[in-house]
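Fit the two chains together into the complex; they arrive one by one in their own frames, and the hints show the way.
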Amino acid sequence: MSTDTEAPIYTKFAIEFKSSSFSVPVLVIQHTELKQIKHQLKEKIAQAPEFFKNSPLLIDLQNCNNTEQAFDLATLIEFLHTEKLFPIGISSGNEEQNKLALELHIPLHTIRNAHTESRPANQNLTPSPNEVVAEKTDNKASNTVENRLITHPIRSGQRIYAKGDLTVLSHVSAGAEIMAEGNIHVYGALRGKALAGVQGNTKSRIFCSALQAELVSIAGHYKISEELDTVDQHKPTQIFLQDQALIINNI
Amino acid sequence: MARIIVVTSGKGGVGKTTTSAAIAMGLAKKGHKTAVIDFDVGLRNLDLIMGCERRVVYDFVNVINGEASLRQALIKDKRCNQLYILPASQTRDKDALTQEGVGKVLEELSKDFKYIVCDSPAGIERGANLAMYFADDAFVVTNPEVSSVRDSDRMLGILASKSRRAEHDEEPINEYLLLSRYSPDRVKLGEMLSVEDVQDILSLHLLGVIPESKSVLNASNSGTPVILDEKSRAGQAYSDVVARYLGEDVPHRFINGEKKGLFGKLFRSK
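Keeping their order, the protein sequence lines are chains H and V.
Counting along the first sequence from 1, when you hit position 193 you're at 193 in the numbering used here, and nothing is skipped either side.
Counting along the second sequence from 1, when you hit position 144 you're at 144 in the numbering used here, and nothing is skipped either side.
Here chain V stands alone, though its shape is the one from the complex (with noise of 0.2 angstroms):
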């Protein structure tokens, strides 16, 4: 059996795709078969960071409609062969994605692959509902900044609530936290929350900090995840990442500098 991860937050722009990208391959550069799912109908973006926009044939929607099957809609990576991308469909939109016909993709993929990630689109409707209802693990993307906390917070609600497992009541989703776009520079100005002022709020297995960095625009451009360019220290990040979640003891880099800062105070006494 697979197991689902899903890249959610609620907030738009804090990075889930990139974050999607990165994890993907780098599970799949460990040697697992890994799947990474956009479940982003109708403003498909994942194919553009993955570099595999121009072959795109078939969908998820038409794997779910039964236009194509799943192997014909995988797109395999020319870079890794442990990982297939299962793109959007551009022309839809998420009333096109059913609970039933979601199962019905994501149990096939179980039976064939070792991790599966869905790439959740923002907000907190059917898109996301779905991306995150079959999960077995949750990694919550996070911008230091009060509005992506609290939205964050809100999604992890609905994992606790919504999710099949919370309807079954099984065991609930493992949640991870996962602070992007983080500067420590600006964090000591006080113009950014630290890692501890979200940690504060979230209380959540931190599972990594990836820091504010270049290399992540240029990555998305060239449709390459950051994760394969080792040199930045955003792919180093996502790296440390990918290890902590296989179990491995990494400590965390990136957080330096890090203290009460006089936004901390501020913040805190508001």
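Here chain H stands alone, though its shape is the one from the complex (with noise of 0.2 angstroms):
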């Protein structure tokens, strides 16, 4: 056998690349008066101090770029630092923005601005630390929880499988096959299968307006169709697994 002596062999990695997510606040710059940016910050920073304390923080330029006028964002990232808060990116930048940002090693982020730009600008109230910056998930972190909605009747014959929670805002009918790593939410009748936990989640649960299925399952504990009959097939029905046993029973 010819092996490289001075090879080094590692029986484990020593890194490894993971995808997570976890929420940053967002600072959202509304107008580019900086003056005026650093007053609040500063007032609200001393309304819940440890909140801040050395955060992570994304500053999102959208609001305050639409106003055409030239913002200082050099000062505010120096600021930000001495009041002990790290920007860990930018986003809706201009060029000029996202050059500097890039210079001082921040990121540019791109985020959808549904909650930012629908904020009321009422700055008088005494809000709670989370909704002094508006907190948001990161883009990239969303999309790694799975859940579907489905918005129209699920037909017999069709199959549907979401890895977290599954919604279906019609009826399933029967010899549909809806599946879930998560809960199931059928807000019609449930007429078809339905599986829930199918990646052996015990926790996870089965809702429905009307419940009757040929056969419901939650982490391969299940039940068909015959066995069903124990409650109103017609009232609102949650199923879950306790002590190893599917319980039925109307809401």
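None of these hints come from the bench; they were simulated from the model.
Each residue gets a CB set at the ideal place from its N, CA and C atoms; glycine is no exception.
Hints are not guaranteed to be accurate.
Stated by the list, open to error - No farther apart than 25 angstroms at their CA atoms in a straight line, the calculated lysine to aspartate or glutamate pairs in the DMTMM-like style are these:
| id | chain 1 | residue 1 | chain 2 | residue 2 |
| --- | --- | --- | --- | --- |
| 1 | H | K235 | V | E125 |
| 2 | V | K11 | H | E177 |
| 3 | H | K99 | H | E146 |
| 4 | V | K162 | H | E146 |
| 5 | H | K235 | V | E196 |
| 6 | V | K162 | H | E177 |
As the list claims (entries may be wrong) - Far from chain H, some chain V residues (derived; all Cβ distances over 10 angstroms):
| id | residue |
| --- | --- |
| 7 | K76 |
| 8 | V102 |
| 9 | N221 |
What the hints assert, rightly or not - With beta-carbon atoms standing in for the labels, derived distance ranges:
| id | chain 1 | residue 1 | chain 2 | residue 2 | range |
| --- | --- | --- | --- | --- | --- |
| 10 | H | H152 | V | H252 | 22 to 28 angstroms |
| 11 | H | E227 | V | D112 | 42 to 48 angstroms |
| 12 | H | K235 | V | K214 | 43 to 49 angstroms |
This is the structure in structure tokens:
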């Protein structure tokens, strides 16, 4: 056997890349008046110093750039650093701002702005720390929870699979099959097969407006149609697992 | 551009061809240039119902194979000059239809016609799939009994997932329910599902209820689309369907006597 004895042999990799999600406060800059921004920010921090201490921050520049006035991003970042806040990204910056951010080793993010745009400008209320800066989940992170929403009826012969929770805003026909790794919600009659917690999550539940199913299953524990007539089939029903037994009751 | 309508059901014998003939004639009578295509290759019937079986020279498969032009194969109806029929081949089977070929024929027809009615064969195989693939609107013909309803439900699932519109992520096909062979008396006796029972399962836009009527059989035998029999209830019901499809506000008829019957109760508490 000829092996290179110089090459270190590791049984485990020294590093590993994983994708994970976490929420980061987003600082939405509403206009370009730095003095006012500094003043208000100091006030907010004074309300909840612990919350802001060494906190990462995403700076959303869309609203202030919409005003079409020049904004001094460098000074803002400097100020944030003195206040022990760490900007870890900027969003909706213009070309100049993006360049500056990269020079300061701050990455560029794209975030959906649905929340920020609709935020009221009422600054005089005393909001809780969470509301001081709109807390948003990173765009990439939100994709990792793969819940599924179906708004149309699920027809006989169709199969639907959700990696998270599955919500159906209509009925599920006889001969259809719906499966979810999480919970199943059916806002209509459930007449087909429904399997929740298919990857073994025993905490998952099935909810439906009317239970006329061919089969229901949670984490592999199942009951067929014949065993389901213990409850009113026209009332909202939930199904869950308790001590290895499938419990079915009207809500 | 023409509007492509597929008349489909999943189950056989529910009245697809009768419906295709009736609505094609109805649309043409309203002045819209309409073509009706028989997709039931090997089990050709539309020509009989339309009363043009003795004038068939070329057929759908000939056109797809380039053996005849569309103009040669289309049969002009003798009663209405806005209506043309494209018959199926009786000597071939469904494999003679290709998606590309069907697409080309429909595209060519679209240039000249306002409505193209595709009479789907029963089943969910090739013929039925190709009949619905290019559709804009679907008329789902259902009889008020459980197996027909379930087959329609299955067909609706296919319409929603395997059509061109679904594959290209376009606006989905408009789906309409046509409840045929309906008999209010038998619904009362609990022998038949009511309109409500069917709607409970399918939840579709109801385009019309066609009452069970002897005139349908007579019309088929004489090769006259039943819609031309203005005295018959079925003919009137089809006229209403065409009017509703074209956007007119026509109240529903022939449902009378509907109520939650014994069968409805039994069916629900099953």
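Here's how the hints hold up against the structure:
| no. | hint | in the structure |
| --- | --- | --- |
| 1 | H:K235 with V:E125 | violated (38 angstroms) |
| 2 | V:K11 with H:E177 | holds (21 angstroms) |
| 3 | H:K99 with H:E146 | violated (34 angstroms) |
| 4 | V:K162 with H:E146 | holds (24 angstroms) |
| 5 | H:K235 with V:E196 | holds (19 angstroms) |
| 6 | V:K162 with H:E177 | holds (17 angstroms) |
| 7 | K76 | holds (38 angstroms) |
| 8 | V102 | holds (23 angstroms) |
| 9 | N221 | holds (34 angstroms) |
| 10 | H:H152 with V:H252: 22 to 28 angstroms | holds (24 angstroms) |
| 11 | H:E227 with V:D112: 42 to 48 angstroms | violated (59 angstroms) |
| 12 | H:K235 with V:K214: 43 to 49 angstroms | holds (44 angstroms) |
In terms of the numbered hints stated before, the structure departs from hints 1, 3 and 11, listed from lowest to highest.
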